[in-house]
Amino acid sequence: MRTIAMGAAFLCAAPLIAVLFFVAANGISAFSLDLITKAPRALGIGGGAANAVVGTLQMVPVAALIAVPVGVLGAVYIAEFANRRSARVIPFCADVLVGVPSILIGIFVFTFLVLPFHQFNAFAGSVALAVIMIPVVMRTTEESLHLVPNALREASLALGVPAWRTVLSVVLRTGLPGILTGTMLAIARAMGETAPLLFTALGSRVVNVGDFGRPMDALPLFIYVNARQPVDALNQQAWGAAFLLLLVVLIINVAVRARSWGQRIG
Amino acid sequence: MTTAASTAAARFGRAASRVPDLVFRSGSGVLAWAVVGILGLLAVLLVLNSGEALGKFGFSFVTGTTWDPIAAIYGALPFIVGTIASSLIAIILATPIGLLTAIFLAELAPRRVAIPLTFTIELLAAIPSVVFGLWGVFVLGPFLSKTVEAWLVSTLGWIPIFAGPPFGVGLFTAGVILTLMILPTIVAISRDVITAVPDSQREAMLALGATRWEMITKSVLPYARSGIIGAVILGLGRALGETMAVTMVIGNRPQVPQSIFDSSQTIASQIATTFNEASVGLQTSALIGLGLVLLVITMTLNVIARLLVWRVAGPQGPN
Amino acid sequence: MISRSSRLASLALGAIVVVAGCSNNSGATTAPTNAAGTEAPASTGAITPQVPTGNVSLSGAGATFPALLYQVWVEKFSEAYSNVTIDYQAIGSGGGIKAITQQTVDFGASDAAMKDEEIAALPSGTKLLHVPTALGAVVVIFNLLGADGTTAIKALNLDGTTIAGIFLGKITVWNDPAIAALNPDLASNLPATPIKVIHRSDGSGTTNTFTSYLAASSDEWKNGPGVGKEVNWPTGDGAPGNDGVSGGVKSGDGRIGYVELQYAVVSGLSSAAVKNANGKFVKGSSDGVTAAAEGALAEFPDDFRAAPIINGAGDTTYPIASYTYLLVYEDQKDATKGQALVAFLYWALTDGQKEEKAIGYAPLPAEIQQKALDELHKITTGGSAIWPM
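Chains P, W and L supply the protein sequences, listed in that same order. In terms of this note's numbering, the first sequence has 100 at position 100, counting the first letter as 1, and numbering is strictly consecutive. One rule links them: number in this note's numbering = place in the second sequence (from 1) + 1000. One rule links them: number in this note's numbering = place in the third sequence (from 1) + 2000.
Looking at chain P on its own, in the form it has when it is part of the complex (with noise of 0.2 Å):
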């Protein structure tokens, strides 16, 4: 029976092998300088994703910027400041929102963000993204909060210093680290998204550099078009953007759970 439990074990730790592996396969062969710095060609002909990977370094910044102070001050309230019901209920709708499907919320960004404007726009994108994120922020926050021993809230509000104050500079200083790793896999998780984005940053041929208020392409999007296309070049590109991506989420991930691995096992 041990081995049968075993090889399930490893039946289970197979897939990422073998996805890992023909991603690498056949990405590293398609990712070259080109391929981060033009942007598409027609036919995929000395073209690249360069529209793909400036839209993912912007959107995804500035989802941050949005989820993690909501997420992160949300926690505060939830661990620091909020009554008995409130601390059972936030965090739940929390949980119940991260189990939404991401289409879900792209069409609620669209709804506020795009229709009334008649116009897909990048923002609408990076604020969709930063609705993912910010259950991920939140939940890890709080979770990272509990942690920070009551003594210290206790000597620092003894020292005269405001709730407030104690909360910035005592309790999130210490939860630092916590808070941290879930941005960074909150992080991750964005920039793997790409149901919130069909409806909202649409994706676009064109570098679009700063202009937040049209279409954006994105490393997700530009997978996704190109892994349908009938022409081996723009398959191979598709490869390329997605070894880069894997890559990227892969080594986040690996740098954050590093850390905590450690504790949770045995």
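The set of hints was computed from the structure by calculation and includes no laboratory data. Check before you lean on any hint, since a few could be wrong.
BS3-like cross-link-like pairs, simulated, lysine-lysine; straight-line CA separation at most 30 Å [said to hold, decoys possible]:
1. W/K1146 - L/K2337
2. L/K2357 - P/K38
3. W/K1146 - L/K2170
4. W/K1056 - L/K2337
5. P/K38 - L/K2337
None of the values given here were measured: they were computed from a predicted structure.
Following the hints, position chains W and L against chain P.
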């Protein structure tokens, strides 16, 4: 773990009563409640904007098998069946594998095997859906059509639900990809739940002379049962809402599938592929109606699952 | 090489100058030139639309049918005028019509002319112009390994009845007698592979053209799924865009689909020789489409909303052809964008036509090109024409 005692009254009491503190407290409170607000607003929005379609078709929106934008008839059954069928395949495949893996990691594996394995399985959860889709289109689909699907069709093809031909695109391939995507969820939560079972249960069983495996199956698992069910339901919830990987391998056929090797369409992939060019009015309203159905299903499952898991292992972080 | 239509265009423009007397355009103008040497009437620079100075960005969305052509056009136009950025999103004719109706883009694109209901849905008081830009062929692509398991089948004859049978789901294997009858020399190599149909999942002008052909070939199709940008497909998988369909056909053995000719070329997929009205089996080509277009000139409507050209007469005529249009509002709200748009359209209708044949599209017949150029004069901004007569 949320402790009920860690609230403002316990922590700050009168120390949090001056104006800057009140501003900070209400400000952060607004942001915290914003999460609840977003959830509520989303539900309200979907209900309101699907009103036109739901009002026109009533209950037959959910039972109708025809999705015809030209004749303006919208029945969601093909997508509901596609969604449930692909997720069901994923659950059938992922539950035994996931549970056995969780048992292995929590009870049987030595630390130096458990750590890298856990690590690897957790990383599986980080792979973006669209990358799974790309891999599915070019690697998994062709592989499955030539191996597993071909074998299944040749041995079981006389049963209608296993009828071929196995093209590598369709319900089954989507189900297999979903399996890979929900395995980390099932494994991680099951493992946490199993680990949370008190040692006293294990010791009691061993003291009675049970073997290791009997201890697991007769003592640990029953104790953790509701948590494990919760883990499976959470996995199911994730599978139901998965969009990109499924869209790329399911065949996008808005008909009720007859066989698991048929092409099909899920609610999420139908929205993803047709929302942007849906005509304003009834068609868009019908698509939002689809979204509402999906929201209701996933939210219900999520709530049930979280409650089950909380009962055994306490509040979990986002997975 | 000066093409015949460009020569006619410059002659016609010269004639307009003579007839109209003096031109009273004020200010310096930049006649659109292109890197490959100009055919635009340079000496009469005052009467060609000017490209505005300063950075302008135009957005367009719509048909995938001409997308490969438009990608080339956008690149060449931007090479000539680096201050103009054009972003064309190929999302299907249905999406293009929706986008221009909702005014989320500056121009739309569709091969299916807008229906009356769609025109009625435009914002009140606005008028949309259909500017034809090119013609293309819809070809039947397939991916098939012969019965020996090694050689790919590269050539196939099909006729309307058989194609309709396949897309109706009546003909389900490649070695069906109907297919074998049309391909006697292939018959022994036709495999028993099941046929998988790939069709469009989005609203498509290509579908409109193809279903027009199917309805003309089969009463069962005509009375069943019928004609339209979207239909209820009796069988097959859906894929988005011409690119999605060709990608889908390419992805596995036994698949069949319908796309614009150039997609077959760039994807390396074989396309069938289709039986035309004269009984000849013709493969899709620019010349075959041109023959079809010339034969249908008499039917071209005044409002430019032409139906697909199906089963045109002639030995070399390809039976499934269609115009494709750019959709622009007659009254442009933004003067600079309107100016850039007219300049681009002018370029497309003159220099742009030269790019078409090399990539499998057919240039507009001279008569239609002239009508289209005349149409451009109607585009106004703030009450006055952008390109006056």
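Here's how the hints hold up against the structure:
1. W/K1146 - L/K2337: 54 Å, violated
2. L/K2357 - P/K38: Cα-Cα ~27 Å, so holds.
3. W/K1146 - L/K2170: 26 Å, holds
4. W/K1056 - L/K2337: 42 Å, violated
5. P/K38 - L/K2337: 26 Å, holds
Of the hints listed earlier, those the structure fails to meet are numbers 1, 4, in rising order.
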